[in-house]
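Engineer: For any residue, its number in our numbering is found by taking its place in the sequence shown, counting from 1, and adding 258.
Some hints could be false.
To be verified - Pairwise CB distance ranges, derived in the manner of DEER restraints: (1) S445 x A403: 31 to 39 Å; (2) S341 x A430: 31 to 39 Å; (3) A446 x S335: 17 to 25 Å; (4) S445 x S335: 12 to 20 Å; (5) L405 x E447: 29 to 37 Å; (6) G386 x P346: 14 to 22 Å; (7) T434 x S341: 15 to 23 Å.
Derived from the structure by calculation, the hints contain no laboratory data.
Backbone N, C-alpha and C define an ideal beta-carbon position, used for all residues, glycine too.
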Amino acid sequence: MTRSTRLPLSAVALVLALAGCSSATVDIPESARPTIATRAPSAATAAPEQPAVPAAPSLVIETLECDTVLPVETIESVLELPSGFAVPGDQPVGCAWTMAGNPSALLLQTATGATAAEVSTRQAATAGALPSDVGEAAFFQPADAALDPASTLTVLSGDRLLSLRSSVGDQAALETLAEDVIASLDSAE
259 MTRSTRLPLS
269 AVALVLALAG
279 CSSATVDIPE
289 SARPTIATRA
299 PSAATAAPEQ
309 PAVPAAPSLV
319 IETLECDTVL
329 PVETIESVLE
339 LPSGFAVPGD
349 QPVGCAWTMA
359 GNPSALLLQT
369 ATGATAAEVS
379 TRQAATAGAL
389 PSDVGEAAFF
399 QPADAALDPA
409 STLTVLSGDR
419 LLSLRSSVGD
429 QAALETLAED
439 VIASLDSAE
């Protein structure tokens, strides 16, 4: 039995020809000009000028003397760690302490220019945030193995925003460390 191969070949040729026409790109020659007349907006139809909205104040990150603001001895005492367990680490911004090989076991950062409204907004946007009594406004985000294994305490003291992120210690311990940092920074001013 002999079959004709013209039909399948012609069908393939038709499919290939149509596939070449189905490109998503449309080529428009540069010489093409719009044929619809348009009017430029006049002064009467132009959009009214919007008043300038003042920009929110930006936070200014502080440079800290980490060993003065939060000495290793204080960290080990508050977190009930053995002597020599916490070691100052390298952190481009703020302070870091290494514990048990974790270079970011405890992180501290402060910035000025913060407001209570900003802290409230951050707290509302933080899942599982718990209130804290440190400073003028504060909240605690407990560690969550699924989201972040470290807990974070955010505190507003005056216009200073303080953030402590720790893989060690509970809310009370972080609040004590935050109070020590605030006292140290206030005494330096």
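Engineer: Evaluate each hint against the coordinates.
Structural biologist: Okay, the hints, checked on the actual structure:
{"no.": "1", "hint": "S445 x A403: 31 to 39 Å", "verdict": "38 Å, holds"}
{"no.": "2", "hint": "S341 x A430: 31 to 39 Å", "verdict": "22 Å, violated"}
{"no.": "3", "hint": "A446 x S335: 17 to 25 Å", "verdict": "21 Å, holds"}
{"no.": "4", "hint": "S445 x S335: 12 to 20 Å", "verdict": "19 Å, holds"}
{"no.": "5", "hint": "L405 x E447: 29 to 37 Å", "verdict": "36 Å, holds"}
{"no.": "6", "hint": "G386 x P346: 14 to 22 Å", "verdict": "30 Å, violated"}
{"no.": "7", "hint": "T434 x S341: 15 to 23 Å", "verdict": "18 Å, holds"}
In summary, the structure is inconsistent with hints 2 and 6 from the numbered list given earlier, while agreeing with the others.
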